[in-house]
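Visitor: Start from the sequences, fold in the hints, and give me the full structure.
Protein sequences appear in the order of chains A and B. Quick note on the working numbering: the first sequence kicks off at 67 and runs consecutively. Quick note on the working numbering: the second sequence kicks off at 11 and runs consecutively.
Don't read these hints as lab results, they were simulated from the structure.
Taking beta-carbon pairs under 10 angstroms as the criterion, some of the chain A residues facing chain B (in silico): (1) P108; (2) G112; (3) I148; (4) D149.
Glycine is no exception: its CB is placed at the ideal position from the N, C-alpha and C atoms.
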Amino acid sequence: MSTEDTPDPGTFIAALPHARALGMRLDRLEGGAAEISMGYAPELVGDPATGVIHGGAVSALMDTCCGAAVMSLPEAAGTATIDLRIDYMRPATPGQRVRAEAQCYHVTRSVVFVRATARDDDAARPVATATGAFTITRAEDA
Amino acid sequence: MRRPPDPVQVVKKRRDAALRALVAGVPYIDFLGIDFDRRGDELTGVMTFDDKLIGDPRLPALHGGATSAFLEVTAIIELSWSILWEEMESGRLDPATLDPQNLPRLPRTIDFTVDYLRSGLPRDAYARARITRSGRRYASVQAEAWQDNRTRPFAQAIGHFLMPGRDG
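Guide: Put into structure tokens, the structure is as follows:
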């Protein structure tokens with residue numbers, strides 16, 4: 067993902083067609099951290115035998131949340147994912163909302179290192195974690 | 011005793027039906043508009059462009075999450091297909107009995123890492139996966155996606171998977 071303006075929580079998801087199609091909601095955005103959640107929906111199911119949502123949908127949530135965290139840095143004018151690794155700890159419980167929290171834990175001139183965790187209602191046992199490297203275009207360079 | 015080979019149309023019909031059952035059973039594959047081309051046992055994933063796959067409408071570019079999901083779907087289908095192929099060709103499984111509610115259990119993703127090499131253009135994308143290790147419990151799979159030029163992939167991935175129990 068990649069955006070050019072500093073995001074406004076109300077319009078951030080609306081500006082990303084794929085995030086909107088997956089029913090994502092921006093819950094929090096500030097100074098290098100973001101929280102985005104996604105409701106359970108039948109079209110997101112990856113295993114029809116169990117009703118568990120597809121890992122790819124969790125990936126899209128993580129990618130969007132990490133990108134949002136980068137864009138929430140005051141100096142960020144744009145970002146793109148360099149790489150993203152997702153560890154799937156357990157299947158998300160069918161019917162429950164999945165909430166992702168991302169945090170920029172190191173920022174260099176051109177790269178931001180981001181970590182994220184996704185949880186369902188059983189918050190003590192994460193569904194997935196992610197680590198990624200993102201590009202950052204700085205406002206003064208744009 | 012070795013039975014004579016089935017006529018080519020029968021073989022093709024059986025294989026295509028098995029692949030269709032595998033892919034049609036997964037709602038998220040349908041949501042993303044992914045389909046698979048088959049040549050023998052070789053599969054190519056095709057993600058037909060749609061506006062809902064866009065991340066940034068100003069570029070416009072495919073959303074990294076759509077690209078990542080496409081690669082993961084391709085890796086899982088490749089892995090499931092390799093299991094299905096073996097069962098089908100050995101005669102242990104009759105594809106006529108396959109439907110979305112009655113599929114072989116799918117491998118589960120342990121981890122998946124995607125490299126975004128260049129931005130995905132607003133047009134159809136293709137992907138192939140290669141199983142680099144397939145053990146009884148764990149498998150490693152590489153996947154690559156491209157658009158106009160096969161030699162210029164826009165994303166590549168590596169994933170590890172937990173294989174489904176053979177006894178169900």
